[in-house]
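Peer 1: These two chains come separately, so use the hints to put the complex back together.
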Amino acid sequence: MHLEFTAEQMMIRDMVRQFAESEIAPFIEKMEQGIFPHEILKKMGELGLMGITVPEEYGGAGMDFTSYILAINELSKVSAVVGVILSVHTSVGTNPILYFGNEEQKKRYVPKLASGEYLGAFCLTEPEAGSDAGALKTKAVKEGNHYVLNGSKVFITNGGEADVYIVFASTNPTRGSRGISAFIVEKNTPGFIVGKDEKKMGLHGSRTVQLTFENMKVPAENLLGDENTGFKIAMANLNIGRIGISAQGLGIAEAALEAAINYAKERNQFGKPIAVNQGIGFKLADMATAVEAARLLVFRAANLQSLGLPCSKEASMAKVFASKTAVQVATEAIQVFGGYGFTKDYPVERYFRDAKVTEIYEGTSEIQKIVISKNIN
Amino acid sequence: MMFKTSTHKQYYKIKKRGNGKMNFQLSEEHQQLREMIRDFALNEVAPSAGERDEEERFDRGIWDKMAELGLTGIPWPEEYGGAGFDYLAYAIAVEELSRVCASTGVTLSAHTSLAGWPIFKFGNEEQKQKYLRPMAEGKKIGAYCLTEPGSGSDAGGMKTTAKLDGDEYVLNGSKIFITNGGVADTYVVFAVTDPTSKHKGTSAFIVESSFPGFGVGKKEKKMGIRSSPTAEIIFDNCRVPKENLLGNEGEGFIIAMKTLDGGRNGIAAQAVGIAQGALDAAVEYAKNRVQFGKPIVANQGVAFKLADMATSIEASRLLTYNAAWLESNNLPYGKESAMAKLMAGDTAMSVTTDAVQIFGGYGYTKEYPVERYMRDAKITQIYEGTQEIQRLVISRMITK
Chain A
1 MHLEFTAEQM MIRDMVRQFA ESEIAPFIEK MEQGIFPHEI LKKMGELGLM GITVPEEYGG
61 AGMDFTSYIL AINELSKVSA VVGVILSVHT SVGTNPILYF GNEEQKKRYV PKLASGEYLG
121 AFCLTEPEAG SDAGALKTKA VKEGNHYVLN GSKVFITNGG EADVYIVFAS TNPTRGSRGI
181 SAFIVEKNTP GFIVGKDEKK MGLHGSRTVQ LTFENMKVPA ENLLGDENTG FKIAMANLNI
241 GRIGISAQGL GIAEAALEAA INYAKERNQF GKPIAVNQGI GFKLADMATA VEAARLLVFR
301 AANLQSLGLP CSKEASMAKV FASKTAVQVA TEAIQVFGGY GFTKDYPVER YFRDAKVTEI
361 YEGTSEIQKI VISKNIN
Chain B
1001 MMFKTSTHKQ YYKIKKRGNG KMNFQLSEEH QQLREMIRDF ALNEVAPSAG ERDEEERFDR
1061 GIWDKMAELG LTGIPWPEEY GGAGFDYLAY AIAVEELSRV CASTGVTLSA HTSLAGWPIF
1121 KFGNEEQKQK YLRPMAEGKK IGAYCLTEPG SGSDAGGMKT TAKLDGDEYV LNGSKIFITN
1181 GGVADTYVVF AVTDPTSKHK GTSAFIVESS FPGFGVGKKE KKMGIRSSPT AEIIFDNCRV
1241 PKENLLGNEG EGFIIAMKTL DGGRNGIAAQ AVGIAQGALD AAVEYAKNRV QFGKPIVANQ
1301 GVAFKLADMA TSIEASRLLT YNAAWLESNN LPYGKESAMA KLMAGDTAMS VTTDAVQIFG
1361 GYGYTKEYPV ERYMRDAKIT QIYEGTQEIQ RLVISRMITK
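Protein chains in written order, with the working numbering: chain A, 1 to 377; chain B, 1001 to 1400.
In isolation and in its complexed conformation, chain B is listed as follows (with noise of 0.2 Å):
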């Protein structure tokens, strides 16, 4: 009678005071900041979407109103110049910027995962001064040079060597798909140290701009996310301080796939923006557009893929926030950001190629957002890891 027994009378006292541990709702902060996010996004971003795509330009106005409201450093502690708040807040900033430009999304998820994370876990007290606090008030953007031309997936055949001469390291090579590659201040890169040790002789440095031999190299063109620059980065006899090399010599591999661990929440949160952006705008077609005297949402044909759209987006999410959640609370979260990412990715392809499909000829046209959308999913499948490297992942967590 194990329900039945004096516990009984102690479960009710405990769901009173602990009601709602198992907390499925957002709180009523992190539902202020969407609201507040969501509103700067259709106001300041939306608007200039399509052209900026078209251009391919970045707009730094745009980042700098991100930066008067806070968005530029939402994860990180207010003596560093941050919001103070957690991931789970940092993921809905990215999601509600990335449902009206995904450009703008990863701007944000580079800048805050992939550059200003390893300096505020790895960074010194003086180098989180020094570099985060800019950052996060936006005063500075930040990007991550690990990608080489040889060195994709594989991270721990890059080629790029940093040799100590006195007080300065001096780095050689070339990194390439450079996320805000050219618009950004502050690198984190990583180079090799110690040739002789594949991936512990691989460290991590801060890199300004405006250091001696720094070079931003070819600009690629893009099907997608086409307003965030993608650069090459050379780095010619570049000479670092040496208080600028992040965490100890050797630590560089290590720090890189950290970092890249959180960067997927950022990442799939992204996904998950565009996906709602695109089954948005589908439901607001198909609720609108008539055919056969009809809005073609009196179809089951459209209405079932419409509802097959939104689950698969409601499933991303979940996903997404409870790892963001896990990784707030200092839990384990690879297994769940790669689950997050991989499933987002794939979801963010899947449900903007069917709003191209809802809107039909209309959605292959640039008069609609939809076409933009897709072409902006495919990278979340490619970036922040492949999803093929996701499944590695995943796949090696389970079948340990």
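Chain A extracted, bound-state conformation (with noise of 0.2 Å):
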């Protein structure tokens, strides 16, 4: 009952750590400045980093999925939008296929996507369907050897960067979330258009694109599962998927916590380091137990999940608790540097703005809440 790694497991968390430090952190600045991350990306899948938890047959390195959420808690330290990136490629691109598809359409498009020569996406939201993803209006029409898809697609991670798409469009519309199914689309297939990147406040560098669908003619082969599975499939990965972010969320405020702690331990004032004083040795302690219980959360969902046990509940625990905790310890590390912290001369007003996402996607922290309170009754 507590928290040890494999050996392997720490393997793979200290090489993605050590990654991380020397090819990611100086890539930083590029990406605030708005570059995707593709070289990064390519190095990663060299290193058998985009299908960890792919079995081997399918080109993955057939790792547990423990070791999947290392990665993205190592990644997510130096670079949140790493950690996104990889997340959404996994649990809502990758997995999908792997779970749901057809032989062939495993053999088509998971070796690509694991060994990073593709990256995947995932295509649900839409203006009107958020946390009620039933909601959508995204329609396909099968004519002939085809499905013809039109609609439109908001708030779309690594959209336009992509290479696979898992898009949800209704092809029942009278059966609700019942009535709906989800098609492979690859990025260069006519009609399939890529619209405006948002401008947010964190996460720069990382894609987050709407997508207009017209006339989108998709082989009938693309097709994944059933017809009006859809809503299954996509809901399929949800605790992979927040599991994978609350992981994030937890990489975020390690990086602010350890980042704050170094800072009141050499920021000298009244003659003494700021770290003596209670005001701060307080704020530090409470980030910390904070940051604890957090991991211990993470992990312990991870673990759950790893052995193929129920964890729903466990997930959104660490979920809604690790992105609270992303959003308090990033904004009090701001209050150690002080106005230090304010400029972009040290990390944590990154930090910050990364982290607030982290309670609004797979599944806002009200959406967690339900899933808790459900779960408790």
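Pair ranges (Cβ atoms, derived):
(1) B:Ser1153 to A:Lys272: 15 to 23 Å
(2) B:Glu1055 to A:Asp14: 53 to 61 Å
(3) B:Leu1331 to A:Ile193: 54 to 62 Å
(4) B:Asp1280 to A:Asn150: 49 to 57 Å
Simulated from the structure, these hints should not be mistaken for lab results.
Each residue gets a CB set at the ideal place from its N, CA and C atoms; glycine is no exception.
Peer 2: What follows is the structure in structure tokens.
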């Protein structure tokens, strides 16, 4: 009943930590300017990080889920952007094909996703369908050997940069969420239009775009699973996605805490380091306690998921707690830094901006609380 | 291609063998223990909890039943009359008892963590057989005497003295806020043996309530944990045999502080139990209380409050179990137990307050147990080191 990793899990953690510090940290400034980290992702593909949990027969590393969560966590300590790109690519870009695709689909797409040759994305959210995914308006109509898709999607992470998209559209509008189907769509499909890239407060360097489908013809063999089973596919990876984002939130919080501790020890005022003032020391103690609790929640949920046990309550608890901790700890870290924390000379203002979205995507904190309250009643 | 080398196959082998090494599941034994204690707590402890709180009454009968079940010596080896289990099992016991009655939880916690632990860790074989064994078997109750009127968080400021006179130490002074004070038989007492040396001048003694010069003073009236007695203990030329010195002369301060580290796990477990008990009650009430034609839990204002309560409890429980696990495996746990106590104490306070809120006016009455939980929760932010002391411990450790 405690947190202990296997030698292999620690090996991955250390390897990713080293990679993040030596390869990603120098690239942060470019990402802050809006440059998408293709060259980082290419290197991650070479290391096997783009398909950590994908079985070997499909070109992945065949590692367990906890190893993957450790990777997201370590990446996010240095760059929340790379963390979320990997999370989306794996949990909702690759896994749906792996879990619901037929052999042909898996052979065609998964090895390329696992090697990093392809980047994955997930298209569910629409302007009128956020938390209420069943309300989506994009339609898919079967015509001969094709489905014709019309509609638009918003907030698509990796959008425009990704090569493969899992797209959800209604094949039977009268049935609501039970009339939704999932499709594998390639970027170069005619009628696939990349729209506005959102300007965001954080996660600079990641893409969050609008996509429009105009009479987009998708081959019938690219239907994922059966017709009208899309909602199940969309929901199947919820826990995996939530634990991934909780690990991202945890990483941001850990980075902010570490920065604040180091600064508080070095910053002298009134002839002594500010850390020795209880006003600062106790703040750091509260931050560290929340981070430790978040860490236990995240890896407990990861452990349950690794063992194939039910974990929707635990995943939601990890997500809601780790994301709240990320926002609080990043906010307090800026406070510890004072005026310097408000400048771009130090990374804490970036942590603060990056942290907020962890309370929003992969199910808002309010959605997590619905899940938790249903589970405890 | 780090993941795809030959180590990969090896990984599968290791995974197969060591699956569950990162084990966040409670073992079968721990789960069975929890069920057993839960059962006991519901049948034997819960029914009288409200009444004992009202009457400020300690019930030795409940204690004796706990002894029969082996709960009074959970972490001590069988050779000392214990159950030979670990600190995690002990934490689960304190949690489950506190879930129905925080007073019973702290009785066990003070007995085990504060009195049994220092004898187990620092006592010689003879002391362990003479004192730990009857405590583990539940024939004797233990207590811990550190705090004095002028020496609370600053334990170094104590005034009680111990002077060697022939084969006996003579103790003079008084201790306050002693949990189990008056009902306990065996007291671990801290006194100054060398007033010229601050921390290194303190020593620890095992004192029996039957020793001449041992007296019980004022019994505190308290807002919570009212069926757990809290008394003043007075030493008036109390004569303690030399062989009852615990550890060496001058080791008292270290013994006191190390004891508190483990004691924090016990209080963290108590706080988790109180919070869980309040949540249990709040969930049950929210499902059954109908207003505006539907159960109040159907309102997000109530349901989200319950979700927040449950999440804080889960976080506190993981911190507590993690610290207990570390202690069971002889790994450092000082920072972790301080974090567990800090978060669990704050969680107990906020969750019990929210529970009263969910019950509305009924929650404010003695008809329901949540007002008792709320009164009981407050002390978990104070004893075994205040929250401020926990923050001091944690901040020093992380900025070292």
